Structure formats: C-alpha cells, structure tokens
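Heads up: the sequence lines are chains A and B, in that order.
Each step along the first sequence adds one to the number in the working numbering, with nothing skipped, and position 68 is 68.
Each step along the second sequence adds one to the number in the working numbering, with nothing skipped, and position 49 is 49.
Some hints could be false.
[As the list claims (entries may be wrong)] Once the Cα atoms are required to be at most 35 Å apart in a straight line, the calculated DSBU-like pairs of lysine-lysine come out as:
| hint | chain 1 | residue 1 | chain 2 | residue 2 |
| --- | --- | --- | --- | --- |
| 1 | A | LYS6 | B | LYS200 |
| 2 | B | LYS21 | B | LYS59 |
| 3 | B | LYS59 | A | LYS6 |
Hints are computed from structural coordinates only; laboratory data are not their basis.
Remember, predicted model here, so these are calculated numbers, not experimental data.
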Amino acid sequence: MRIDCKHVWEHISGYIDGEVDQALRAEIDRHLETCEICSAVLDSTRNVVVLVADERVFELPTGFSERLHARLDRELELAGSS
Amino acid sequence: MTASNPEFEADCIRRILAGEKQLFHSLIRPCERAIYFLLLSLLRNEVEAEDAAQDTAIKVYLNLSNFRGDSQFRTWVLSIARNEGLGRLRKAASRREDSLDAQIDEQTGDYTPALLTSWREVPLEALERQELGDILRKAVEGLPPIYRNVVLLRDIEQMDVRETAAALGITEGSVKVRLHRARAMLQRDLAPRLEGFAPKRTGMFGWLKS
C-alpha cells in the first residue's frame, strides 16, 4: 500500500500521539522519508502542539490561587459554623 | 498539570468528610488550572472564569460526599466545572454552546494543513518574547468552542483522551477527531505567523536533510 499526502495529513494528530497502528505508522514513516512537504507539516504541527502546551503561554491570572483559597477559607468556616 | 493520585485523594476525601476541612485546600489545588482553563474556554472571559472556578471549588466541597470514586477525582471535578460554565452560559443566553456544538461537529470542513516550506520549528526559547505567547493564545482562543475545549484539556492540561471525553461529556472518538481538526486549524493559522520566530535558514535549502 502506498499512501498519499492527504492520507498522511488525516493521521497527523494520531501519529503525534502514537495512536496509529504499526503498519500505518510504517507507511507514514516511509512517505515522510521522501516527502518534504508532509515532513514539514508534521514538524510544524508537532511544534505548534509543543509551543501551546508551554506553561508560559497559558498562565493562571496573577493571584488566582490566593483568591480561590481565601474564598474557600471563608466557605469552610461558614460550613463549620452551621 | 499535576498527575492525579487516587490514594491521596481517597484518603483526603475520607478525612475531610470526617472533619479535617482544611485538607480540602490540598485536594483541590492540583485541579485548579484545569478548572480555570476549562471555564475560560467556555466563558471566554477571565473575570467570569475565575468567579465560576471559585463557585466550582465550593460546589465540589459541598458535594464531596457524592463522589463515588468510579471516575478520577479530577474528571468528576471538571464535570462540575463544565456544568457550572454551561449553566452560566444558559443563564446569560449569550451563547448556545450545545446547539453550536452539534452544528459545527456535523460539518465536514477542509482541514488541509498549511503547506509550508520556509520553516520547521520554533524553539521554546522564542517564548521569552511576549509577542509569541500572544500569537499562540489568540490562535487557541480563536478556535470554535468545541475545538478549543479539547485543545485546552488535551494539549494544554495534558489530560488523556478518556479523561477529556468524560470531562466534556463526549465520546473518546469525538475527542480524537476534534483534536485532530483543532491542531490542523492551529497549524494552518499559525504557520505563516510563526515563521519569523524560527531560526534563519543557512542557505536556500539549509534546513533540508542532507
């Protein structure tokens, strides 16, 4: 079985997550060896996944945790007095 | 993300229910980020997401005795967060998340990636530039809600497929399909804008494998 570029794109996400079966993975790997376009699509997609996951990108608002626990303290006290 | 620890959680819950209320702080702390980002994804407003996150934590506390332990604690917490968020959306009637879900999910869109050849990888060090973080955040925030939720939980909070499906009330298959589409949309949207952050090529085909 020879797979084309479109077929590779359909499985990019599963490929990144290690969810494609062994036979398909081998086909994709073989395709990637000779296809610069798909290889760049895979690299850039994986790169985007890594970048957005960096904790500097999505941070909790400053003081979020302090405010949450202060509110919880008030609630726990209230629950205790009832 | 902090990995869940069922034994610690079960012990904590037992002791909290027996009266050691202060332990609730430690129990909820590892879930804070996921609660907030799930709610931010639903509500798209930082102030409201924070308020809803606080209400969620309180509801978790008040309903702790109802946790059966047949799902992960964090999954249960996130389903409470999701209900809180959807309840607020319904009340505000500003958005119809559920019907929107169905519409977008039915579409068989074109998820062709950006066929770039000019760059391969932006190194993590580039995130020291505020501008790059802004571009990435805006791209995720610009995704349709059903895709944004999945990216936030799977890629940003690093939750597994099963937990994400349970927290969002969708099938594992939907999680995978949505994540795939979301990543394709992000790649297509970001490819032209990330180019400037990638290391410069050494020659015309400098990054090609020799």
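Hints and how they fare:
1. Taken as a hint, the LYS6 (chain A) and LYS200 (chain B) pair is honoured in the structure, with Cα atoms around 28 Å apart against an allowance of 35 Å.
2. As the CA atoms of LYS21 (chain B) and LYS59 (chain B) are separated by approximately 14 Å, the hinted pair is consistent with the 35 Å bound.
3. Between the alpha carbons of LYS59 (chain B) and LYS6 (chain A) the distance comes to roughly 47 Å, so the proposed pair goes past 35 Å and is violated.
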